[in-house]
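Protein chains: 2
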Amino acid sequence: MAKDPSDKALVPFVSVDHMMGLIHHLGFETMIRGIADRIEADFRRWESFDKTPRVASHSPVGVIELMPTSDGEMYGFKYVNGHPKNMKEGLQTVTAFGLLADVSNGYPVLLTEMTILTALRTAAMSGVAAKHLAPKGAKTMAMIGNGAQAEFQSLAMKALVGIEAVRLYDIDPAATEKCARNLEGTGLRVVKCQSPEEAIEGAEILTTCTADKQYATILSDNMVGAGVHVNAIGGDCPGKTELAPGILHRSTIFVEYPEQTRIEGEIQQLDPDHPVTELWQVIAGQKSGRSSTSEITLFDSVGFAIEDFSALCFLREAIRGTPFSTPLDLLADPDDPRDLFGMVMRAGPEAA
Amino acid sequence: MAKDPSDKALVPFVSVDHMMGLIHHLGFETMIRGIADRIEADFRRWESFDKTPRVASHSPVGVIELMPTSDGEMYGFKYVNGHPKNMKEGLQTVTAFGLLADVSNGYPVLLTEMTILTALRTAAMSGVAAKHLAPKGAKTMAMIGNGAQAEFQSLAMKALVGIEAVRLYDIDPAATEKCARNLEGTGLRVVKCQSPEEAIEGAEILTTCTADKQYATILSDNMVGAGVHVNAIGGDCPGKTELAPGILHRSTIFVEYPEQTRIEGEIQQLDPDHPVTELWQVIAGQKSGRSSTSEITLFDSVGFAIEDFSALCFLREAIRGTPFSTPLDLLADPDDPRDLFGMVMRAGPEAA
Numbered sequence: 001m002a003k004d005p006s007d008k009a010l011v012p013f014v015s016v017d018h019m020m021g022l023i024h025h026l027g028f029e030t031m032i033r034g035i036a037d038r039i040e041a042d043f044r045r046w047e048s049f050d051k052t053p054r055v056a057s058h059s060p061v062g063v064i065e066l067m068p069t070s071d072g073e074m075y076g077f078k079y080v081n082g083h084p085k086n087m088k089e090g091l092q093t094v095t096a097f098g099l100l101a102d103v104s105n106g107y108p109v110l111l112t113e114m115t116i117l118t119a120l121r122t123a124a125m126s127g128v129a130a131k132h133l134a135p136k137g138a139k140t141m142a143m144i145g146n147g148a149q150a151e152f153q154s155l156a157m158k159a160l161v162g163i164e165a166v167r168l169y170d171i172d173p174a175a176t177e178k179c180a181r182n183l184e185g186t187g188l189r190v191v192k193c194q195s196p197e198e199a200i201e202g203a204e205i206l207t208t209c210t211a212d213k214q215y216a217t218i219l220s221d222n223m224v225g226a227g228v229h230v231n232a233i234g235g236d237c238p239g240k241t242e243l244a245p246g247i248l249h250r251s252t253i254f255v256e257y258p259e260q261t262r263i264e265g266e267i268q269q270l271d272p273d274h275p276v277t278e279l280w281q282v283i284a285g286q287k288s289g290r291s292s293t294s295e296i297t298l299f300d301s302v303g304f305a306i307e308d309f310s311a312l313c314f315l316r317e318a319i320r321g322t323p324f325s326t327p328l329d330l331l332a333d334p335d336d337p338r339d340l341f342g343m344v345m346r347a348g349p350e351a352a
Numbered sequence: 353m354a355k356d357p358s359d360k361a362l363v364p365f366v367s368v369d370h371m372m373g374l375i376h377h378l379g380f381e382t383m384i385r386g387i388a389d390r391i392e393a394d395f396r397r398w399e400s401f402d403k404t405p406r407v408a409s410h411s412p413v414g415v416i417e418l419m420p421t422s423d424g425e426m427y428g429f430k431y432v433n434g435h436p437k438n439m440k441e442g443l444q445t446v447t448a449f450g451l452l453a454d455v456s457n458g459y460p461v462l463l464t465e466m467t468i469l470t471a472l473r474t475a476a477m478s479g480v481a482a483k484h485l486a487p488k489g490a491k492t493m494a495m496i497g498n499g500a501q502a503e504f505q506s507l508a509m510k511a512l513v514g515i516e517a518v519r520l521y522d523i524d525p526a527a528t529e530k531c532a533r534n535l536e537g538t539g540l541r542v543v544k545c546q547s548p549e550e551a552i553e554g555a556e557i558l559t560t561c562t563a564d565k566q567y568a569t570i571l572s573d574n575m576v577g578a579g580v581h582v583n584a585i586g587g588d589c590p591g592k593t594e595l596a597p598g599i600l601h602r603s604t605i606f607v608e609y610p611e612q613t614r615i616e617g618e619i620q621q622l623d624p625d626h627p628v629t630e631l632w633q634v635i636a637g638q639k640s641g642r643s644s645t646s647e648i649t650l651f652d653s654v655g656f657a658i659e660d661f662s663a664l665c666f667l668r669e670a671i672r673g674t675p676f677s678t679p680l681d682l683l684a685d686p687d688d689p690r691d692l693f694g695m696v697m698r699a700g701p702e703a704a
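Those sequence lines, one after another, are chains Z and C.
Numbered by the working numbering, the letters in the first sequence go through residues 1 to 352 in order.
Numbered by the working numbering, the letters in the second sequence go through residues 353 to 704 in order.
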C-alpha cells in the first residue's frame with residue numbers, strides 16, 4: 001500500500017535457511033576459516049573495542065542476555081538465551097540472533113540468525129586458541145560431550161590445527177552415535193569410546209563440552225597428562241564447571257576476557273587473583289603461548305562479544321552477491337525526517 | 353531447500369509497512385488509547401518489573417542504546433539510536449526496533465519496527481501523564497516544536513485528555529505548516545503561531561518537543577503561569593534541556609524513573625536531591641497528582657523501557673488475526689536439539 005521503502009530503510013536479513021545455504025555454498029571449513037581469520041584480526045586490535053559486560057536478565061529457569069560491543073566504526077550485539085530445561089521440551093537450550101549497525105548514523109546494516117553462527121564462531125574460537133597453544137603437530141582430539149557443539153569443534157580443529165582423528169565420548173551413547181554419523185565423510189577418523197579415560201588415550205587436545213548446569217568433574221586430575229592442550233567449552237556460567245581444580249593448578253590458563261571468565265569460566269573455582277593470560281595478547285605477540293612440550297595449556301572458553309562481532313562482520317562480507325539474505329523493512333524512513341506522521345498517513349488505503 | 357521450520361522457530365515480524373497498515377486498520381486514536389491503557393496497567397504494577405538502566409554505546413556523533421526490561425513472564429528490549437546530525441543527511445535522528453521474548457524458554461515471540469511505535473508510545477505516555485496531572489477540562493494545548501512528535505502528541509492529548517485545539521509554534525515555519533497540514537481533518541482546531549508567547553495564550557497544557565542538543569530555553573520563567581501542565585518531551589539526554597530553571601522551581605515535578613531522569617531530563621539542572629514524584633505512584637493511587645488549580649505540574653518525560661514493553665505487549669495482541677505481520681525464520685530449531693549440525697547438513701542441496 002505504501003511506496004517502496006528506500007535502501008537505507010531495508011536491513012539485510014539472514015534467516016536460518018539462508019545461513020544453512022551459505023554454509024553449503026562456501027563449505028563448512030571455508031566458513032570456519034573465514035570466521036577464525038576475522039577473530040584473529042579483531043583480537044590483534046583488542047584494545048580498539050568497547051568491552052561492556054553482558055546485560056543479563058535472570059529468571060528461575062534461565063537467562064536472556066544482550067552482548068554488545070563496538071570498534072568505533074561498527075556496533076554489534078547478540079541476543080542469546082540459556083534455558084537448560086528447554087532440551088526436555090524439544091527446544092534449543094540456546095537460541096540467538098544478532099545485529100550489526102553503522103556507528104556513524106546508528107542504522108542497522110545486518111540482522112541474522114545466530115544459533116548456527118554462534119556454533120561456528122565458538123568452534124572457530126577454540127580452533128584459533130588451539131592453533132596458538134596446542135602441541136605442534138597435534139593429530140588427535142578427545143571430544144567429551146557429543147552434543148550440539150561436538151561436530152563444529154571437531155571440524156574446526158581439523159581446519160585450523162590439522163587434527164586427523166577425534167575420539168568421542170558422551171554419557172549418552174545416542175549422542176556419540178549421532179556425532180559419529182554426522183562426521184562420516186568429513187575426512188576425520190572417528191573413534192567411539194566407552195569412557196572418558198578411553199577417549200583421552202593418545203589425544204593431544206582434550207575438548208570438554210557437556211551440558212550439565214552444575215559443578216561436574218568431566219576430567220579428573222589424573223586424566224590430564226603433561227603436554228596436552230585442554231579446550232574447556234562447557235564451563236561457561238556461574239555454578240557450571242567441568243574440570244577438577246587440580247588440573248587448573250597444573251595448567252597455564254588462557255582466557256578471553258578475565259573480568260567475565262572469573263565469573264563464568266572454570267577459573268571461578270580459583271582465587272580471584274590466580275594468574276591467567278589473555279589470549280589476545282598471545283595472538284598479538286605480546287605474551288608467549290605454550291612455552292614447553294610438557295606444559296599443560298588450558299583455554300577456559302566462555303564466549304565473548306568480540307567473537308560475535310567478528311562473526312557478524314565476516315557474515316556481512318560473505319553474503320555480498322549471494323542470494324543468502326533478504327531485505328527487511330525494519331526502519332521507518334520518511335522523505336522528510338520531521339514528517340513521520342505524514343508518512344504514516346500517506347500509507348493509508350485512501351491515499352493509495 | 354530445507355524442510356519448513358517449525359512454529360517455534362518462526363517469529364512474527366511487524367515491518368514498517370505492517371505498522372502503518374495496522375494504524376489505518378485500527379485507527380490512530382484507538383491505537384493510542386490501547387497503548388495508553390497498557391502503559392497505565394503496567395505502571396500500576398511498576399514494582400513487578402526489572403528496571404535495568406539502558407546500555408549505551410556512545411560515539412562522537414551519536415549513541416546506540418539497548419533498553420531491556422522484564423516482568424518475569426515476558427522480556428522486551430528496544431534498540432534505539434540517537435544521531436542529531438542525521439537529519440541534515442536526510443536520515444532519521446532516531447530509529448528503533450524492538451523484541452518481545454518468553455521468559456520461560458527464552459524464545460522471541462515478536463520482532464517489530466519501533467520508530468513509529470516509539471512515536472505512538474511517547475505520545476500515549478504524555479497523554480497518560482496529562483490525564484492524571486493537567487487541569488480538569490483542559491481544552492487547549494500549546495505545541496512548541498513541530499517536528500516528528502508533534503502530531504502524535506496532539507492526537508494523544510485529544511484522545512486521552514479531550515483537548516480541542518492546538519497552538520503550534522516552531523522556529524522553522526515549514527515545520528509548523530507541515531504539522532498543521534497533517535492535522536487537518538482530525539477534528540482538532542489548529543492555530544499557527546508566530547512566537548512561543550503567542551502559542552501559549554490560553555493553553556492549559558504546554559508541550560515542548562524541540563530537537564536542539566544543547567541547554568536551550570524554549571520556555572522562559574515568565575511564560576508559565578499558575579495552573580498549567582507542562583509536558584516536557586525534548587529534554588531527554590545529558591546536555592539537552594528546554595525549560596528555564598525557574599519553571600522547575602515553581603513546579604511539582606513528576607518523572608518516570610528518577611535514576612534515569614536525573615541524568616537525562618530537565619531535572620539534570622537541579623540538585624540531585626530535589627523532590628520529584630514517580631508517576632507510577634500517582635497512577636497506582638499511592639501519591640496525589642495535581643493538588644490545586646493554581647499548581648504548575650510538570651511531566652519531565654525521557655522515555656523508559658517499561659513504556660516500550662507496554663507498547664510491544666499491546667502490539668502482540670493487536671496483530672492477532674490481522675495480516676500485519678509475517679513469520680520470520682529467525683531461530684534454528686532442529687528436531688533433536690543436540691543435532692544442530694545434522695540439521696545444517698540435511699539442508700544441503702544433495703539432501704534435497
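Bear in mind the hints are in silico, worked out from the structure with no lab data behind them.
Cβ atoms here follow ideal geometry from the backbone N, Cα and C, with glycine treated the same way.
Do not take every clue at face value.
Away from chain C, derived, C-beta distances all over 10 Å, residues of chain Z [stated by the list, open to error]: (1) SER57; (2) ASN81; (3) PHE97; (4) THR115; (5) LYS131; (6) GLY239; (7) VAL282; (8) ARG316; (9) ASP335; (10) ASP339; (11) PHE341; (12) MET343; (13) GLY348.
When the alpha-carbon atoms are kept at most 16 Å apart in a straight line, the in silico EDC-like pairs for lysine to aspartate or glutamate are as follows [claimed, not checked]: (14) LYS85/Z x GLU441/C; (15) LYS639/C x GLU399/C; (16) LYS403/C x GLU425/C; (17) LYS360/C x ASP17/Z; (18) LYS8/Z x ASP102/Z; (19) LYS131/Z x ASP17/Z; (20) LYS8/Z x ASP369/C; (21) LYS136/Z x ASP37/Z; (22) LYS437/C x GLU40/Z; (23) LYS440/C x GLU89/Z; (24) LYS88/Z x ASP691/C; (25) LYS88/Z x ASP687/C; (26) LYS131/Z x GLU40/Z; (27) LYS287/Z x ASP50/Z; (28) LYS88/Z x GLU425/C; (29) LYS8/Z x GLU89/Z; (30) LYS85/Z x ASP454/C; (31) LYS483/C x GLU399/C; (32) LYS440/C x ASP335/Z; (33) LYS360/C x GLU204/Z; (34) LYS437/C x ASP17/Z; (35) LYS360/C x ASP454/C; (36) LYS440/C x GLU40/Z; (37) LYS8/Z x GLU441/C.
Quick partial rundown of chain C residues pointing at chain Z, CB under 8 Å, derived from the structure [to be verified]: (38) VAL407; (39) SER411; (40) LEU418.
Non-interface label on ASP339/Z, tested against every C-beta of chain C at 10 Å
violated (6 Å)
Please work out if LYS85/Z and ASP454/C have their alpha carbons no farther apart than 16 Å.
Judged against 16 Å, a Cα distance of about 14 Å means the pair holds.
Starting from LYS131/Z, check that the Cα of ASP17/Z is at most 16 Å away, please.
The hint is violated at about 31 Å.
So if I understand the rule, the pair passes when the alpha-carbon distance is 16 Å or less; does LYS88/Z with ASP687/C pass?
holds (12 Å)
For SER57/Z, is the shortest CB-to-CB distance to chain C above 10 Å, so the non-interface label stands?
violated (5 Å)
Against the 16 Å threshold, does the CA-CA distance of LYS437/C and ASP17/Z hold or violate the hint?
Not OK: LYS437/C and ASP17/Z at ~37 Å, beyond 16 Å, violated.
If you draw a straight line from the CA of LYS440/C to the CA of ASP335/Z, is it 16 Å or shorter?
Satisfied, since the Cα-Cα distance of roughly 12 Å is no more than 16 Å.
Is the straight-line distance between the alpha-carbon of LYS88/Z and that of ASP691/C 16 Å or less?
With Cα atoms ~14 Å apart, LYS88/Z and ASP691/C stay inside 16 Å; holds.
Given the hint that LYS440/C pairs with GLU40/Z, does the C-alpha gap stay at or below 16 Å?
violated (38 Å)
Sort out whether ASP369/C lies within 16 Å of LYS8/Z, counting only the CA atoms.
Holds, at roughly 15 Å.
Using Cβ atoms and 10 Å as the threshold, tell me whether THR115/Z really stays out of contact range of chain C.
violated (4 Å)
Interface exclusion of ARG316/Z relative to chain C, criterion Cβ beyond 10 Å
holds (17 Å)
The structure fails hints 1, 2, 3, 4, 9, 10, 11, 12, 13, 14, 19, 21, 22, 23, 27, 28, 29, 31, 33, 34 and 36 (numbered hints given earlier, in ascending order).
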